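Asker: Now for the letters of each chain:
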Amino acid sequence: MQRTNKVIAEFFAQGYRVSGTYVVTKRPLADEIYDPTTNYLQLEEAYLSPIMDPAKISAYYTLTLFDKSNLDFVLTADKKDGLRRDQSYGMGTYKLQICLTVPFFEITGHLYLINRNFNPRIYLSSDAGIFITLLDVTTRSTFNPDVSYQGAVALINRAHISFFGETAG
Amino acid sequence: MARVLIIDDNYDMLSMLKMILERQGKHEVIACTNGQEGLEAAFSEPPEIALVDVMMPGMSGYDVVKRLRADPSTERIGIIILTARGQTVDREAALAAGADDHMTKPANVEELLKRIDELLNRDKAQAQPTGVMTLPVFSLKGGVGVTTLAINLASVLQQIAPVALLDLAPATGQCGFFLGMRPEKHWGHYLENQTTPVAALVQKHTSGLPVLLAPPLAGQYGWPNVDAVTAILAQLTAMARFVIVDMPPLLDATAQAVLAQSHRILLVSGDDVPAIQVTRATLQALQQWKDRLLVIRNAAAPGPRPPAEAIQKALRVPLAVDIAYDPAQVTVAAKGLPLAAVQPKTPLVLGVKRIAQQLLTR
Numbered sequence: 001m002q003r004t005n006k007v008i009a010e011f012f013a014q015g016y017r018v019s020g021t022y023v024v025t026k027r028p029l030a031d032e033i034y035d036p037t038t039n040y041l042q043l044e045e046a047y048l049s050p051i052m053d054p055a056k057i058s059a060y061y062t063l064t065l066f067d068k069s070n071l072d073f074v075l076t077a078d079k080k081d082g083l084r085r086d087q088s089y090g091m092g093t094y095k096l097q098i099c100l101t102v103p104f105f106e107i108t109g110h111l112y113l114i115n116r117n118f119n120p121r122i123y124l125s126s127d128a129g130i131f132i133t134l135l136d137v138t139t140r141s142t143f144n145p146d147v148s149y150q151g152a153v154a155l156i157n158r159a160h161i162s163f164f165g166e167t168a169g
Numbered sequence: 001m002a003r004v005l006i007i008d009d010n011y012d013m014l015s016m017l018k019m020i021l022e023r024q025g026k027h028e029v030i031a032c033t034n035g036q037e038g039l040e041a042a043f044s045e046p047p048e049i050a051l052v053d054v055m056m057p058g059m060s061g062y063d064v065v066k067r068l069r070a071d072p073s074t075e076r077i078g079i080i081i082l083t084a085r086g087q088t089v090d091r092e093a094a095l096a097a098g099a100d101d102h103m104t105k106p107a108n109v110e111e112l113l114k115r116i117d118e119l120l121n122r123d124k125a126q127a128q129p130t131g132v133m134t135l136p137v138f139s140l141k142g143g144v145g146v147t148t149l150a151i152n153l154a155s156v157l158q159q160i161a162p163v164a165l166l167d168l169a170p171a172t173g174q175c176g177f178f179l180g181m182r183p184e185k186h187w188g189h190y191l192e193n194q195t196t197p198v199a200a201l202v203q204k205h206t207s208g209l210p211v212l213l214a215p216p217l218a219g220q221y222g223w224p225n226v227d228a229v230t231a232i233l234a235q236l237t238a239m240a241r242f243v244i245v246d247m248p249p250l251l252d253a254t255a256q257a258v259l260a261q262s263h264r265i266l267l268v269s270g271d272d273v274p275a276i277q278v279t280r281a282t283l284q285a286l287q288q289w290k291d292r293l294l295v296i297r298n299a300a301a302p303g304p305r306p307p308a309e310a311i312q313k314a315l316r317v318p319l320a321v322d323i324a325y326d327p328a329q330v331t332v333a334a335k336g337l338p339l340a341a342v343q344p345k346t347p348l349v350l351g352v353k354r355i356a357q358q359l360l361t362r
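These protein sequence lines map, in sequence, to chains A and B. Numbering of the first sequence is given in this note's numbering, commencing with residue 1 and proceeding in unit increments. Numbering of the second sequence is given in this note's numbering, commencing with residue 1 and proceeding in unit increments.
Honestly, the hints are just simulated from the structure, not real lab data. Hints are supplied without guarantee of correctness; some may be wrong.
[Unchecked claim] Between beta-carbon pairs, the in silico distance windows are:
| hint | chain 1 | residue 1 | chain 2 | residue 2 | range |
| --- | --- | --- | --- | --- | --- |
| 1 | B | Gln36 | A | Asp67 | 33 to 39 Å |
| 2 | B | Glu110 | A | Tyr123 | 38 to 44 Å |
| 3 | A | Asp53 | B | Lys290 | 33 to 39 Å |
Please read all numbers here as calculations on a predicted model, not as lab measurements. Idealized CB from N, CA, C, for every residue including glycine.
Build out the structure end to end from the sequences listed, making use of the hints.
Answerer: This is how it looks when you write it as structure tokens:
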């Protein structure tokens with residue numbers, strides 16, 4: 001089916017799951033999220049669910065603003081929607097399996113690097129941007145571990161990460 | 001080709017799906033932009049398939065599915081949830097709400113058409129194995145539209161498979177009168193000579209409907225006993241897939257023999273208090289066949305009607321189909337035609353189609 005200029009993604013923040021529509025006008029969703037010069041992300045048609053009952057739609061808003069610094073992570077089903085324009089040309093050849101936690105969730109996925117020598121401390125503290133990008137992601141709700149979410153890409157708020165681990169393979 | 005209802009608040013998605021299903025799937029599509037509108041469309045003329053979005057303002061797709069499943073006229077629709085929420089938890093929620101399938105947007109066109117076909121084939125497979133169905137239309141209260149429903153049900157089912165209509169009126173023929181047919185041949189002749197093949201006594205109405213009429217003066221021929229009515233039914237079921245019986249307002253041994261051999265019993269109730277009381281009593285009398293009963297409310301006369309909920313509360317059973325008064329019936333009956341054969345979109349015919357759909361999908 002034909003793609004439109006609307007991207008529906010899952011936004012997780014402070015115990016809520018929000019399925020919202022981002023209208024791609026000038027730049028892709030990931031560029032908008034990564035942009036350090038803007039604080040807010042505007043969505044249309046946002047459907048809110050509490051993460052303890054994530055399929056239940058508890059509220060609907062025609063227009064929503066997200067404070068990007070309060071987002072825990074964003075999940076997209078399509079890889080194209082979750083990558084910055086520069087990342088879409090290539091993300092590095094070294095793939096690491098990463099497990100990390102943000103409030104209410106543990107997230108596993110692949111981190112792609114250009115450099116073979118990876119130092120998590122340096123990566124988390126000095127790399128540019130408030131978000132990091134993981135691919136082929138599975139997230140699990142901390143208080144409801146039977147509930148998991150899959151996505152092609154997760155954009156994770158670096159400041160909300162409390163545990164960051166590299167796993168074998 | 002099937003009738004497909006699409007409910008999606010996204011106009012672009014709606015237009016795209018409509019175009020794909022009409023052009024590639026060759027389906028008849030009804031497009032609605034919100035849950036309420038979609039429910040109204042589904043209840044007025046139930047589709048075979050519904051594609052329902054989840055994230056819609058007002059009523060969510062899950063609520064729409066629950067409402068469709070709760071109503072007897074739409075409970076058997078094949079429902080596919082089509083949503084951007086594609087997580088396992090969303091699939092589970094869709095199935096828990098009553099959907100048959102869950103697909104994530106943007107859906108693959110071939111996959112969507114394939115799943116629609118699978119649901120349609122499933123419904124056909126469920127409808128087929130029962131083979132022949134004997135379907136008495138029955139009420140112990142006269143004047144509630146039993147003959148009208150029997151004739152129109154036969155006319156609707158005739159479009160699906162061979163049908164025979166049996167007029168079992170004890171006094172004088174009802175179906176013959178409604179269809180403008182002269183009872184030159186009738187089951188009275190069979191009672192006179194039980195070696196006569198029943199098929200030779202069946203007359204064809206101008207609409208093509210085969211009818212075994214009642215004799216004009218029943219007293220002259222007597223009333224069929226259990227053996228005779230069983231033999232008549234056996235011969236009719238050999239020549240038709242659906243045998244519709246316009247039942248007398250009786251519960252004698254003959255009527256009970258027909259009910260016992262039936263696959264579904266269409267119990268017709270009117271709106272007035274006596275009709276409801278009679279229906280309640282009939283429900284008690286037919287307890288042994290309660291699993292076969294389809295209770296239908298039919299407004300045979302114009303005027304105010306109590307709400308369906310009140311009727312259901314009084315009867316303590318759900319109404320399978322609720323049919324509004326249809327003034328077109330009067331004018332068409334005077335011409336000796338089944339309304340279903342000439343005006344397929346009137347309230348009565350739409351109600352009869354809902355009955356047929358339930359018969360085929362259960």
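Asker: Evaluate each hint against the coordinates.
Answerer: Tested hints:
For B:Gln36 and A:Asp67, the Cβ-Cβ distance of about 34 Å falls inside the hinted range of 33 to 39 Å, so the restraint holds. Distance hint check: the CB atoms of B:Glu110 and A:Tyr123 are about 43 Å apart, consistent with the given range 38 to 44 Å. Distance hint for A:Asp53 and B:Lys290: a CB-CB separation of about 38 Å, consistent with the stated range 33 to 39 Å.
Consistency note: the structure conflicts with none of the earlier hints.
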